[in-house]
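Assemble chain F onto chain X, guided by the hints.
Chains X and F, in that order, are what the protein sequence lines are.
Using my numbering, the letters of the first sequence map in sequence onto residues 1 to 92.
Using my numbering, the letters of the second sequence map in sequence onto residues 93 to 306.
Certain hints may be false.
[To be verified] For the chain F half of the interface with chain X, some residues (derived, Cβ under 8 angstroms), not all of them:
#, residue
1, 125
2, 126
3, 128
4, 129
5, 132
6, 135
7, 222
8, 223
9, 226
10, 230
[Unchecked claim] Pair ranges (Cβ atoms, derived):
#, chain 1, residue 1, chain 2, residue 2, range
11, F, 166, X, 22, 43 to 49 angstroms
12, X, 38, F, 93, 39 to 45 angstroms
13, X, 53, F, 166, 53 to 59 angstroms
14, X, 1, F, 166, 44 to 50 angstroms
15, F, 115, X, 69, 55 to 61 angstroms
16, X, 16, F, 162, 47 to 53 angstroms
17, F, 257, X, 22, 37 to 43 angstroms
18, F, 215, X, 53, 35 to 41 angstroms
19, X, 38, F, 229, 14 to 20 angstroms
20, X, 22, F, 157, 45 to 51 angstroms
21, X, 16, F, 155, 42 to 48 angstroms
These are computed hints drawn from the structure, not numbers from a lab.
The C-beta atom is built at its ideal place from N, Cα and C for all residues, glycine as well.
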Amino acid sequence: MVFEVFRQEKKGQPFTHAGSVVAPDAAFADAWAREQYGRRGESEALWLVPRDAVHQVTEWADEFDLKYRRVDGYSIKERLRIARERAGTTPA
Amino acid sequence: MSARAQRLLELADDELILGWRDSEWTGIAPTLEEDVAFSSIAQNEIGHARALYELAATELGTDADALAFDRQPDEYRCAQLVELRLMDWAHTIARRYLYEEADRVRLEALKAGDDAELAGLAAKIDREETYHRLHAEMWAGRLRDEPRFRSAIEELWPYALAVVDEGQRAELARRTGLSVDSTQTVQRGQHTPELAELWNEMTEVRRSAPGATW
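Isolated chain X, as found in the complex (with noise of 0.2 angstroms):
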């Protein structure tokens, strides 16, 4: 089985990919996470997590184009220069 690692670096901050170890239980993937990943005092937590447990979302219909949805969908760079022309405040 593969676990997926995430590790907690301090107290309240959020836990984030480390990386995976292929354990056949729980209790091994919990011993060996604990050698790999926090042996030198880098985790305050570890979440270990079967791969199969992750539900994967990987496809995203877009079949109108609905460009205006998306961040990327506007150049506001030009804009904010015009208006910036406008207030006088160009940046040097």
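Same frame as chain X, but now just chain F:
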């Protein structure tokens, strides 16, 4: 040599030789993850040996390296359990499991003992052993029903008994679910030829340049 120094050398030699034997698996353990974990445990044991040698060295007026490497093979006081050259994983895990159980009984007694310095060191070692026990119990649990593991445990049990004092053997048997009566303990004091072979390799670099400062 005082009884205390002898005792410290017994403990230190057990940890050094087992650490050395286990480190022979570095690079060839069954999986990468286990390789990292097993090598780390082996290093920890050698670290414990170092701390114990340092205590002994203060009393004997020498240093830890001299105690670890400059004695003759027959002067080492380790139990035969740790010096055996075990060529398969079932035996290796059986030894780790039996040694950890024995070491736990021994450390508990040392922590409660009158020697404050040794009790303090035992407590420090015991904290690191928590991980070793987790590892050993996890493997023993997984291999419990494997005939190869069962026979390895039976084969090594008479050796494991010698790791602890006579008065602690009943407790060790209770914890492992094995029996003291059915076996002949392989006592400390004698060594297998395998220790001399290990010693040759272990001390080779140090002997190649006697007195060098590294």
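* Asked: Do the Cβ positions of residue 16 of chain X and residue 155 of chain F conform to the proposed distance bound of 42 to 48 angstroms?
  -> Hint holds: Cβ distance 45 angstroms, inside 42 to 48 angstroms.
* Would the hint on residue 226 of chain F stand, with a C-beta cut-off of 8 angstroms toward chain X? -> holds, 6 angstroms
* To do: Go ahead and decide if the range 45 to 51 angstroms is satisfied by the Cβ distance of residue 22 of chain X to residue 157 of chain F.
  => violated, 39 angstroms
* Hint says 14 to 20 angstroms; check whether the CB-CB distance for residue 38 of chain X and residue 229 of chain F agrees. => holds, 19 angstroms
* **Minimum beta-carbon distance criterion (8 angstroms), residue 230 of chain F to chain X** => Hint on residue 230 of chain F: holds, closest Cβ of chain X at ~5 angstroms, below 8 angstroms.
* So does residue 215 of chain F sit 35 to 41 angstroms from residue 53 of chain X, Cβ to Cβ? -> holds, 39 angstroms
* To do: May I ask you to test the hint 47 to 53 angstroms on the CB atoms belonging to residue 16 of chain X and residue 162 of chain F?
  => This hint holds: roughly 49 angstroms between Cβ atoms.
* Taking the CB of residue 115 of chain F and the CB of residue 69 of chain X, does the distance hold inside 55 to 61 angstroms? -> For residue 115 of chain F and residue 69 of chain X the Cβ distance comes to about 58 angstroms; the hint holds.
* chain X contact restraint on residue 125 of chain F - CB to CB distance below 8 angstroms -> Constraint on residue 125 of chain F satisfied, holds at 4 angstroms.
* Hint check, residue 223 of chain F versus chain X [nearest Cβ-Cβ separation less than 8 angstroms] -> holds, 7 angstroms
* That 53 to 59 angstroms hint for residue 53 of chain X and residue 166 of chain F (C-beta), does it hold up? -> holds, 56 angstroms
* Is 43 to 49 angstroms right for how far apart the beta carbons of residue 166 of chain F and residue 22 of chain X are? -> For residue 166 of chain F and residue 22 of chain X the Cβ distance comes to about 44 angstroms; the hint holds.
Going down the numbered hints, you'll see the structure goes against 6, 7 and 20, while the others check out.
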